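Chains Z and B, in that order, give the protein sequences. Residue numbering for the first sequence follows our numbering, starting at 4 and increasing by one per position. Residue numbering for the second sequence follows our numbering, starting at 513 and increasing by one per position.
Because the hints were derived from the structure by calculation, they are not lab data. The structure presented is a predicted model; accordingly, all values stated were derived computationally and were not measured. We put the CB at the ideal spot given by N, CA and C, even for glycine. A couple of the hints might just be wrong.
Listed below are the simulated DSS-like cross-link pairs for lysine-lysine, each with C-alpha atoms no more than 27 Å apart in a straight line [stated by the list, open to error]:
#	chain 1	residue 1	chain 2	residue 2
1	B	K642	Z	K15
2	Z	K311	B	K522
3	Z	K16	B	K522
4	B	K642	Z	K282
5	B	K642	B	K522
6	B	K692	Z	K15
7	B	K642	Z	K14
8	B	K522	Z	K15
9	B	K642	Z	K16
A few chain B residues that face chain Z, going by a derived Cβ cut-off under 7 Å, partial list only [said to hold, decoys possible]:
#	residue
10	E558
11	S580
12	A584
13	D585
These stretches of chain B come out as covered by chain Z in the derived footprint (C-beta under 8 Å, 3 or more residues) [what the hints assert, rightly or not]:
#	segment
14	566-574
15	603-613
16	629-637
17	681-692
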Amino acid sequence: MHELMLAGSEKKKLLLGNEAIVRGALEGGVRFVAAYPGTPSSEIIDRFFQLAPEAGVYVEYSVNEKVSMETACAAALSGVRSLCAMKHVGLNVAADAFMTLAYVGVKAGMVIVVADDPFLHSSQNEQDNRFYAKMAGVPMLEPATPEEAKSMTIEALALSEKYQMPCMLRTTTRVNHCRGPVTFGDLSLPLGGHMGDEKAGARPPHPTSPVEGEEPVLTALPTDKGQGGFQTLGAFDKDPFNLVVIPMVGRKLRLALLEKVSRLQAEAEQSPLNFTVGKGKWGIVTSGVSYLYARDAVRELGLEGQIKVLKLGFSHPYPKAVIREFLSGLTRVLVVEELEPFIEEAVRLVAQESGLRVLIAGKGDELIPRAFELDAAKVKRAMSSFFGIAYDPPELFSIPQLPQRPPNLCPGCPHRATYYSVRKIFGDDAVYPSDIGCYTLGILPPLRMADFLICMGSSVSTSGGFSKVLDRPVVGFIGDSTFFHSGMTGLVNAVSHDHRFLLVVLDNGTTAMTGHQPHPGVELTPRGKVPPKVSLESVIRGCGVKRIATVNPLQVKKTQEVLQELRDQMTGPGVSVLIAKSPCPLFENRMLGKKQKVVFEIDASCDSCGKCVEELGCPAFVLEKPEVGQSGIRINAALCSGCSVCAQMCKSVKPKRLAESKGGSQ
Amino acid sequence: MMTMEEQEVKAVRIFFTGVGGQGTLLATRMVGEAALEEGLPVSMSEIHGMAQRGGVVESSAVIGDAFSPTIADGEADILMAFEPLEALRALPKCHAGSLIVSSIVPVVPFTVAVGQSTYPELTLLHDSIKERVADLIWLDAVELARNAGSERASNTVLVGVLAGTGRLPISKQSWEAALKKTLPARLLKINGQAFEAGYVFGSEGR
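For reference, chain B alone in the conformation it holds in the complex:
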């Protein structure tokens, strides 16, 4: 294993966005632990407080040679969106060369549910994002998670997709160690399958 002192790793900035209850913070930790396991410099930033009240939950992980744990507008290399509307909302974090991994399953905001506003058509969301960034992975993470054993593992599917793309210099073993570190033993089997499904999708299935 390389150590932090031995290598120069260009910073990769990953921004996470989702809705309270989707497990975005846990997914952020998985990525952070995998980087640490790999011996890469890493820092993460979270905002707590509103997670259980239906609000937007945002976090970030910065891997490689950088100091700031947060990501300024236009500086996210990867956007991990757990909800398609939030993917578009977070687009200003990205640049033309960004990779966006987004789940396509909407979580309808309260303002839409009560008729104050309208949820955009999925194709509109897709096209608005697709035409601006270099790479978009647009997938039904909930279905992959359901097939793996639980819809609740959708966050792990998305982490698996990120791992599968090979964009991060992190080995499969380190990813697996990170899952073990962040999940209770009883959830490991299902999440392992969810990760694998995402991994395959990220590496070839698109």
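Chain Z on its own, in the form it takes in the complex:
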């Protein structure tokens, strides 16, 4: 049995925040999950994928976030509780669906998990997605710990069902990837059912209309099984004048949305998720993980008894009366939050509306920084400055400049071979727009194969734009999963407008960067190789591309010949595509348990020209002080994956059969 499917018990288990969200969704009767992976949210869909069969939950890796939200909302509209999860920038992709889904709403609970990434641990920006909740008018909950992540997921479902609109669960990396004790409640649902298992003609769910002041409590949706079972088979009532947003419908729904927002505001005033701890004449208002930093700071500065803390767990719509009451009688209030002054503006607005004379601060010099993450020390410093209290920070040790250890493309990664060959044929002059995935690591020297990147799919469209205004060759790079995510539309656009560039699709058969999730073009499965549901090459041909070739980039000479042909053909307008197809070695080893039979080594004929190191940048290569009669370049056998690319560029690299195979699953 999957760890997250264990029966309810008082004994706490250590879970990642993301796992706690999964558990909360299971306790809350979620039966439909769709997501595109993205750090720091990926473990949510991964865990669901693992437990789907035993939990009777429909789980799909959707091609992108917009598709996941649309798919999941159809389920929720049909009375099946649903969840979709995405990283913060994923909501940009899904925003079109999100903004109007807020109007149309759902019937069964739908929770949208949005994982922000302050400090850009693994993202291209650190946008504050709380503004999306405000812009759309949907309720938003912000957990601080894994335990809260679990309970707020259930609460989000309840709110969603009561107000018949999706609810946002907004996390940050430090919540998603925090591991802490979580209580397991009852799953209280019949297990083992699958979508469509239940008899057709199940009674449609009929959520009662929300009553003002009534606590949102999740109850089982009716099914023909009765006995408190959760709905896995939906039902759809035609209702086009509430569900099809032509302008006259949209106008009506817009007014209904505003009315919901004001009722949600009243709900937030009553919510136990907004609470105050401590007492004193000073105050802190905070939410999410910042609450934890603030609590530590209050304790460590010895200010218990002087400062009270308001934690907003239900932060949109924000509870005006709760904030007003909190501010009353306080002289100074510091708002402690990461990224933008979202709560700060709310607090200032309440103070202004209520005519309260209280000094409010948040973002600013010597106070709470707007960029990157907070920690307890930063909050202590800000409190010391704002409240005028002594704080003696620990003296920090300085360290000398140390060798950097940046992440790198793995030994044997086919992307390295592709980059090597493309540079050989297209040179330094070509412009190389890149995209999002492992292959973005090609930015680093010595490869230096990334010149422009803003978002998923931008390689294709920006290649087209560059090609129209530059008199230089343009070669774009995109991974297979990213191509399905958001490269296809750009490709159709480029073909139809005669853009002139080469698009290289780095097809490693998986979504490698986020942990090897499948996508529509995947061939490698736990059962071995299978024909993919969607052929990458057919899609590219279907987009109108005439010049298309497929190579195995680990065959260096052949790849460079094909690249040269493509380059020669690029004298006129039009898009060419090269599919560089070779599986991710990490994934292949894991899936097929493939054993490595050979490593490469450098023999005595090496003249130490250093080209292998300078041009390939393979982590298996080591430069050493040369001993007499020996080359100073060595291949670390423990790291060499046996891809043979270096042996194809230099005759001094020779294969060596391994007596004992290495690799494979462990």
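For chain Z, the structure is supplied; the task is to place chain B on it using the hints.
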């Protein structure tokens, strides 16, 4: 067993650093599970994503009365370093009273391998750390792990050392339960021996 409500435990903040593939996250979980087993408040923080691509992997475990799962600069009471260069890189996390447990076996960074920079001498790393903090345990965890049956159990050796120092209010039984919880049965024997070797080293062998 005491419960969280019954006791006041001063927070101990443990920062872990290593290189992708060294098992730092698993070691962090072992410490967390042992604390939970002991009935202590605990929370941990991890950063995912770059582990398999040769980058630095950092995580933290905070045991006792504290709210934050992360550790600010200058606030780590214990630093668990799985690689000596990373021990020095993480030194700003520590304070003068910190304990540092570090493996002395280098994992050469790519930038050094290709001649862009030079790996510092081990003695320099040792001395730079030793003179700044109260306590340094500097050991060849890989050798201890090899003797226990597998070099891959070096992470468990280091956890054993931490347990052996007695710095954490966690019983031997709780540590053993944590190993059972975090490791597959087939790896328990070797890791149990690795833990024991580290435990002995941490308690007396230095």
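Comparing the hints with the structure gives:
Distance check on the hinted pair: K642 of chain B and K15 of chain Z sit about 39 Å apart at the alpha-carbon level, beyond 27 Å; violated. A C-alpha spacing of about 22 Å is found between K311 of chain Z and K522 of chain B, which places the hinted pair at or below 27 Å, so the restraint holds. Distance restraint check for K16 of chain Z and K522 of chain B: the Cα-Cα separation of roughly 22 Å lies within the 27 Å cut-off, and the hinted pair is therefore satisfied. Restraint check for K642 of chain B and K282 of chain Z: the C-alpha separation of about 44 Å exceeds 27 Å, so the hint is violated.
At roughly 25 Å between alpha-carbon atoms, K642 of chain B and K522 of chain B fall within 27 Å of each other, so this suggested pair holds. For the hint linking K692 of chain B to K15 of chain Z, the alpha-carbon distance of about 17 Å falls within 27 Å, and the restraint holds. A C-alpha spacing of about 41 Å is found between K642 of chain B and K14 of chain Z, which places the hinted pair above 27 Å, so the restraint is violated. Straight-line distance between C-alpha atoms of K522 of chain B and K15 of chain Z comes to about 21 Å, which keeps the hinted pair within the 27 Å bound.
Of the supplied pair hints, the one linking K642 of chain B and K16 of chain Z is violated, its CA atoms being roughly 37 Å apart against a limit of 27 Å. Restraint check, E558 of chain B versus chain Z: the minimum CB separation of about 5 Å is within 7 Å; hint holds. Taken as an interface hint, S580 of chain B checks out: its beta carbon lies about 5 Å from the nearest beta carbon of chain Z, inside 7 Å. Among the interface hints, the one on A584 of chain B holds; its C-beta lies about 3 Å from the nearest C-beta in chain Z, closer than the 7 Å criterion.
For D585 of chain B, the shortest C-beta to C-beta distance to chain Z is roughly 5 Å, which falls under 7 Å, so the interface hint holds. Three residues within the 8 Å Cβ limit are the bar, and the segment 566-574 of chain B against chain Z gives 3, so the coverage statement holds. With a cut-off of 8 Å between beta carbons, the segment 603-613 of chain B has 5 residues touching chain Z; three or more are needed, and the interface restraint holds. Coverage of the segment 629-637 of chain B by chain Z holds in this model, with 4 residues showing a Cβ closer than 8 Å to a Cβ of that chain against a need of three.
Under the rule that three or more residues need a Cβ within less than 8 Å of chain Z, the assignment of the segment 681-692 of chain B is violated, with 0 such residues.
Hints 1, 4, 7, 9, 17 from the earlier list are contradicted by this structure; the remaining hints agree with it.
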